[in-house]
Amino acid sequence: MNDNQKNIRNFSIIAHIDHGKSTLADRILEYSDCVAKRDMEEQLLDNMDLERERGITIKARAVRIDYNHKDGKKYILNLIDTPGHVDFNYEVSRSLSACEGALLVVDATQGIEAQTLANAYLAVDANLEIVPVVNKIDLPSADPDRVRSEIEDVIGIPAEGCPAVSAKTGLNIEDVLEAIVSEVPAPKGDPDAPLKCLIFDSVYNSYLGVVVYVRVIDGSLRAGDKIRLMSTGAEFETVEVGVMDPFGLKATGELSAGEVGYLTASIKSVSDTQVGDTVTLAEIPADEPLPGFKQVRSMVYAGIYPADGSKYNETKDALEKLRLNDAAFSFEPETSIALGFGFRCGFLGLLHMEIIEERLEREFNLDLITTAPSVIYKILKNNGETVYIDNPTNFPSPDEIAEASEPVVSASLIVPTEFVGGIMDLCQDRRGVFIDMKYIDTGRVELHYKLPLNEIIYDFFDVLKSRSKGYASLDYELDGYEKSDLVKLDFLLNGEVVDALTFIVHADKAYPRARKIAEKLKENIPRQLFEVPIQAAIGSKVIARETVKALRKDVLAKCYGGDITRKKKLLEKQKEGKKKMRQLGSVQISPEAFMAVLKLGDE
Amino acid sequence: MRTDIFENKRLGLYFHIPFCLSKCAYCDFNSSVENNAETLTRYVSALISHMESYKLCAKNHDSDSVFIGGGTPTALPEEELIRLIRAVKKTFNLTKGAEFTVEANPATVSVNLLKKLRRMGVNRLSMGLQSADNGELKALSRIHTRQDFLQSYRAARAAGLDNINVDVMFGIPYQTFDSLMKTLDFVTRLRPEHISLYNLKIEPGTPFFDERKNIKRLSADEDTELAMYVSAIDFLSARGYYQYEISNFARSGYQCYHNLKYWNCEEYLGFGVSAHSYFDGNRFSIIGNLRQYMDAVEDMTSEAPLIAENERIEDRERVGEYVMLRFRLNEGLNSMEFASRFGVSFEKMYGNKALRYVKAGFMTYKDGNYALTPRGMFVSNYILSDILEFEDLGGYIGNI
Chain A
1 MNDNQKNIRN FSIIAHIDHG KSTLADRILE YSDCVAKRDM EEQLLDNMDL
51 ERERGITIKA RAVRIDYNHK DGKKYILNLI DTPGHVDFNY EVSRSLSACE
101 GALLVVDATQ GIEAQTLANA YLAVDANLEI VPVVNKIDLP SADPDRVRSE
151 IEDVIGIPAE GCPAVSAKTG LNIEDVLEAI VSEVPAPKGD PDAPLKCLIF
201 DSVYNSYLGV VVYVRVIDGS LRAGDKIRLM STGAEFETVE VGVMDPFGLK
251 ATGELSAGEV GYLTASIKSV SDTQVGDTVT LAEIPADEPL PGFKQVRSMV
301 YAGIYPADGS KYNETKDALE KLRLNDAAFS FEPETSIALG FGFRCGFLGL
351 LHMEIIEERL EREFNLDLIT TAPSVIYKIL KNNGETVYID NPTNFPSPDE
401 IAEASEPVVS ASLIVPTEFV GGIMDLCQDR RGVFIDMKYI DTGRVELHYK
451 LPLNEIIYDF FDVLKSRSKG YASLDYELDG YEKSDLVKLD FLLNGEVVDA
501 LTFIVHADKA YPRARKIAEK LKENIPRQLF EVPIQAAIGS KVIARETVKA
551 LRKDVLAKCY GGDITRKKKL LEKQKEGKKK MRQLGSVQIS PEAFMAVLKL
601 GDE
Chain B
1001 MRTDIFENKR LGLYFHIPFC LSKCAYCDFN SSVENNAETL TRYVSALISH
1051 MESYKLCAKN HDSDSVFIGG GTPTALPEEE LIRLIRAVKK TFNLTKGAEF
1101 TVEANPATVS VNLLKKLRRM GVNRLSMGLQ SADNGELKAL SRIHTRQDFL
1151 QSYRAARAAG LDNINVDVMF GIPYQTFDSL MKTLDFVTRL RPEHISLYNL
1201 KIEPGTPFFD ERKNIKRLSA DEDTELAMYV SAIDFLSARG YYQYEISNFA
1251 RSGYQCYHNL KYWNCEEYLG FGVSAHSYFD GNRFSIIGNL RQYMDAVEDM
1301 TSEAPLIAEN ERIEDRERVG EYVMLRFRLN EGLNSMEFAS RFGVSFEKMY
1351 GNKALRYVKA GFMTYKDGNY ALTPRGMFVS NYILSDILEF EDLGGYIGNI
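Those sequence lines, one after another, are chains A and B.
Position 367 of the first sequence, counted from 1, bears residue number 367 in my numbering, the numbering being contiguous throughout.
Position 189 of the second sequence, counted from 1, bears residue number 1189 in my numbering, the numbering being contiguous throughout.
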């Protein structure tokens, strides 16, 4: 270890949502004096508006902090922020791989939650030194001692004497910085070995191209070096190399083993610089890449359509812009009879999908129709061919299918004991297979279930939250495919299939789901001049039906005193409503109605 | 044949009296209970100033219809109503035999008053009965009963009024199919010349609106309402009252001339709060606030606005209005007349959509004539908002 590395500490902060990760990060920045308090926007690390609003961190960021230790030495602390949601588990794991230690923040009033555990396990897997930090001790209901012993019992790491802080008030923050210096090991890379940098994030910038955030494991990197990305073999010439101070990028010209920084190399798309990939030098490449790289694969798919069909190109531009910055997001054009031209989009999970939708609507001012999310089904056909289906419309007919299977996840739920019954019913109802149940303390249990992913993306979170008054937490990871009795459920309006409403559903669920959606359709389809029969069908077998009664009355009986203008305005308002409607065969349906049906909840 | 250049243009006149003895719970017209005699007098004076300011622009027009509506015109003191009528006759060139209508609430008229009105030239009376069932009248918070109406009706006949309209409503809380038919039977036996049959609409800003859930629960459902409407048309026709507009029925020769002006895109001037006009290619309306109206009219030099809305009706919108208004009428729209009026063919502009409705039974087509059937009339908003384009409707929303 050289002197340079001795004074570096690379660490992450991991926590369950709302346990105070971002606030603690701010206090650390503030304490180390690199940001004057008055200059600080609240929660500096969360760059996107959306992140700040939702109180969660979506994209990883890193920042370098200069810290003057009371022993008189100067330390470089690299804080690598991690996304706080199950959809971004892989990104979390890569960020952790760039560190030697992690602060595990636990809310002193809440204790350990599902993501606390999931993140702690990820940190253990990445061989990190875990430093527990008990937060929110300023709150009256805080019980730091109970939480400390919970950390010891449940996670199995010593927590006695760990920092107990209030990130909000700044109480005891110095203890945290002390602990980082004393507990987290210095990096141990070989500065003379061939270059190996781990990409833990990348962001598109319209001036610089892609800014690649890296941790140098071995070797060193200089501006002007020709680099190679080991997963694809793509080569680029480095333009700028530097570090991230709290105010932005600062070119230093060089990064060497143990350091965290960025590089730019006129790279056009973040899909070229995938998280987890290894950067090496083209001239003297490393023998093998760093372990753990995975191609990010979308787990959830949905169709995104402009509510106004003429906005197709604008939608496409917006999707392209988002993809520049999000390698985990994918899309390709698709056509629906019901919705016209649109895109089949792939997401890491439901939250990722919601974030993309919201950004499209907010940043690009688009009105969208999003079809119900679907997972990828694996179908073994009778002719021996295996196909993967990401759009329910393409699901083969039953006589072509030898075996259908669906993705399952292994899920961990942490639930206060009083709600266990209700949550177990929910998992049961969602075709969950019970694995085990452990008491975390007298008040809470951890449940393990194997659950089909398509049940989770169907309003599972909402029901979980409502049945536990918001106290239950969930974490899951993909656990392969399992054989399943799946059927394709079609909906017909006036005898015509509406492709955008087609679902894949387990045979046992088909009837209740069909009834529910048929009812929703009935509520939401505007009445037409004729009766509209709604049918739900599996193949040619109708399993549920409803009828939208014909519109009988829509008349302005009195047109008093020659007020013609009022009548015109009224008709025009109706016209406006009609303009937005989609014509499905002979039936008109509004985008709002579509959304109401597609976004249905069970409770 | 004499050419029309020597003939004056025709003009309808409307006067709005925004006062009532009590406000009905369903009514969203501009009206209020006003007990201050000074205000009533001041308002009539304002109306007179207002109409006099139009004397010059209307000097080349002959007025062949006058309509004093409300509110309740008969809520004015007798001498004020007479002062207003006198001023109308003095200010405008009324044609001989011009239709002169006054609206009356059955609780506010006497033979004496009606006789005076008749002598002043009022030749048509419009009476708001709404229902012959006292329970239904109470539900509407009307201040009169079936007996009051009968008395007033007889008084009107005794006063020599030989052109009477009776307003009837359907869709009233507690009203059934049978009770509507009983009301219609009652009315037709009296043999008024004209019957208006309106569907009650629950309008925002009314007590009915606040109570709409209850009101709807107590009223007939849409299917029943449609049945009421279609059966009423048949019933009235069998008694010699022919439908000529969505809500209007008349014995032959007694169609309301003033109302027809609205549907025929003819000119009319409206005076008083919230009154509407179509004059010289413009549609405009007067502000609704009573005090502001009187202030503005009393001092025409003031900056205070009198006009609430004004729009010039350009070519394409004129076409749209024409379609919209003609389809209110039973005789509907004649494609020959349309072509000669606008120089384009109706079929080319709207034919495909119209034919769809013909096929579906909401419209009839015969010898170049398109007209809505009763079922079609009852969903005419739906049909018209489909047929017409934004440009036809003025593009209030569509152009933004």
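No lab work stands behind these hints, which were simulated from the structure alone.
Check each hint, because a few of them may be wrong.
[Said to hold, decoys possible] Computed far set for chain A versus chain B, every beta-carbon distance over 10 Å:
{"id": "1", "residue": "E152"}
{"id": "2", "residue": "S256"}
{"id": "3", "residue": "D367"}
{"id": "4", "residue": "D390"}
{"id": "5", "residue": "D554"}
{"id": "6", "residue": "A557"}
{"id": "7", "residue": "G562"}
{"id": "8", "residue": "D563"}
{"id": "9", "residue": "Q574"}
[To be verified] Here's a subset of chain B near chain A, in silico, CB distances under 8 Å, partners left out:
{"id": "10", "residue": "G1160"}
{"id": "11", "residue": "Y1198"}
{"id": "12", "residue": "D1223"}
{"id": "13", "residue": "L1226"}
{"id": "14", "residue": "Q1243"}
{"id": "15", "residue": "Y1244"}
{"id": "16", "residue": "I1246"}
{"id": "17", "residue": "G1270"}
{"id": "18", "residue": "Y1365"}
{"id": "19", "residue": "N1369"}
{"id": "20", "residue": "L1388"}
Yeah, the Cβ is synthetic: ideal placement off N, Cα and C, and Gly gets one too.
Hints breached by this structure: 5, 6, 7, 8, 9, 10, 14, 15, 18 and 19
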